[in-house]
Structure formats: C-alpha cells, structure tokens
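Trainee: Protein chains in written order, with our numbering: chain A, 1 to 119; chain B, 1 to 116.
If you are wondering where the hints come from, they were derived from the structure by calculation, not from laboratory data. Don't take every hint at face value.
Stated by the list, open to error - Pairs of lysine to aspartate or glutamate, EDC-like flavour, derived with a Cα cap of 20 Å: (1) Lys108/B / Glu20/B; (2) Lys41/A / Asp85/B; (3) Lys49/B / Glu66/B; (4) Lys49/B / Glu64/B; (5) Lys20/A / Glu52/A; (6) Lys58/B / Glu88/B; (7) Lys55/A / Asp65/A; (8) Lys55/A / Asp102/B; (9) Lys41/A / Glu88/B; (10) Lys58/B / Glu107/A; (11) Lys61/B / Glu107/A; (12) Lys69/B / Asp54/B; (13) Lys61/B / Asp85/B; (14) Lys64/A / Asp102/B; (15) Lys49/B / Glu107/A; (16) Lys108/B / Glu59/A; (17) Lys58/B / Glu20/B; (18) Lys49/B / Asp98/A; (19) Lys108/B / Asp85/B.
Computed from a prediction, not measured in an experiment: that's the story for all the values here.
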Amino acid sequence: GAVVSQHPSWVICKSGTSVKIECRSLDFQATTMFWYRQFPKQSLMLMATSNEGSKATYEQGVEKDKFLINHASLTLSTLTVTSAHPEDSSFYICSARDYIKGGTDTEAFFGQGTRLTVV
Amino acid sequence: AQSVSQHNHHVILSEAASLELGCNYSYGGTVNLFWYVQYPGQHLQLLLKYFSGDPLVKGIKGFEAEFIKSKFSFNLRKPSVQWSDTAEYFCAVNARSGGGADGLTFGKGTHLIIQP
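Given these sequences and hints, build the entire structure.
Mentor: Here is the structure:
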C-alpha cells in the first residue's frame, strides 16, 4: 500500500511557541490530506481537510488561526500549532488518499502520528 | 453529518474465542465503511473496507465484516482470535459525496485484550 510519513514522531515544546508537523505521501500524489487529533484513550477527530494549492477546510470548533495548514505540493502538507498551550498536547495524525490511482473509492493511508507535549 | 457508534469499549477474550465487534453508523446517504486497527505504539492500519458489491468483506489477518444496510451496521468478526490481535479497533465511515474527498468519521474505538 501507499506510504504516508509524518515528522517528527514526537515533540516537546514550551508554552507559547509554535510547532510544525510535516505529512508526506512518499510514493503517490495526494491532492487531499486530512489532519486528525487523538486524545488519550479516545477516537480520532477530524480537524481539517488540506487541499493542495488552496485553503484548508476546517471542521466546526477547530481554530484555523491556531492550527495553520499548508499544502504547498502534491506530496507535502504541514500543520503548524501556533502559540501552543498545554491543552494542545495530543496525538496528531495525518492521512492521505491516492485519488489518482483509486478515484473516489479509495482507502486512506495514515501517518504514524506525532505526539505533541506542550510544557 | 455522519456519526459512528461502537458498542463495546473494552473486550477481553481468551485465545481461540470468536470475536464480534459492533459498529453502527448514522448517515442518510451512501457511505464507504472501514475497520482500522492500532497496535500498541503503532499507526493505524486498514483491516478491511467496503465500498460496494458483496456486503461480506474479508480483510487481513482473518478478519471479516458484514455490511447490513437495513441496520446501518458493519460488524467486525473473526472466528478464532490470537494473542497478537490485542489492539485498539476503530470503525470509520465517510460519505460518498461528490469528489469523495471527505475525511473519515471514527467510532470511539474498542480496546481488545486477548488473554493467552
């Protein structure tokens, strides 16, 4: 299957700083990527849909100014957590679909996730 | 908007026991359905998926699921579990709207523990 890679796998940052998380599709082009957040022992919640070359679409309740998404190329989307606070500590996961190969009926491949801890 | 309900949050079974994890979704239109597994410390992996056709789908590692449209259900089954099946299992759906670019809606997950 297709490979989606996230970097870093974990990061610790000080409160008030910004953190950038990268999501790459390694062997396919992803016009659309998705960013999820997973709280401990809970499910994944869709935060936003990242569209190559255009603005991201955010889910209700997600602050777009806090979670900046940039999808500058067909293989890279970035999520920047701005002015991070301890409540932003979570597991962030991206996914992407190979629409070119599979069309609309295609599975999503997930990155390994990024554990963010804000101290 | 769609929603997904997984009935069992924690399941403990002995090896060789049969498994069935319930999943119901709420959405008025056509959906794609998925089961993902997350082993401790690892990323999500696809177990199986349903897009159309035969409602009984077979996935990896001996898992299967049956889509029952009238019940809005997509239950996961395995006839004989192994200790290595200990993991978190997530049911997910996405609406088959135009473009198919919708993200997934996940259930809360089922933590499965298999005792040797």
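Trainee: Does each hint fit the structure? Answer for all of them.
Mentor: Hints, verified against the model:
no.	hint	in the structure
1	Lys108/B / Glu20/B	holds (16 Å)
2	Lys41/A / Asp85/B	holds (18 Å)
3	Lys49/B / Glu66/B	holds (10 Å)
4	Lys49/B / Glu64/B	holds (9 Å)
5	Lys20/A / Glu52/A	holds (17 Å)
6	Lys58/B / Glu88/B	holds (19 Å)
7	Lys55/A / Asp65/A	holds (12 Å)
8	Lys55/A / Asp102/B	holds (15 Å)
9	Lys41/A / Glu88/B	holds (9 Å)
10	Lys58/B / Glu107/A	holds (15 Å)
11	Lys61/B / Glu107/A	holds (18 Å)
12	Lys69/B / Asp54/B	holds (12 Å)
13	Lys61/B / Asp85/B	holds (9 Å)
14	Lys64/A / Asp102/B	holds (18 Å)
15	Lys49/B / Glu107/A	holds (8 Å)
16	Lys108/B / Glu59/A	holds (18 Å)
17	Lys58/B / Glu20/B	holds (14 Å)
18	Lys49/B / Asp98/A	holds (15 Å)
19	Lys108/B / Asp85/B	holds (18 Å)
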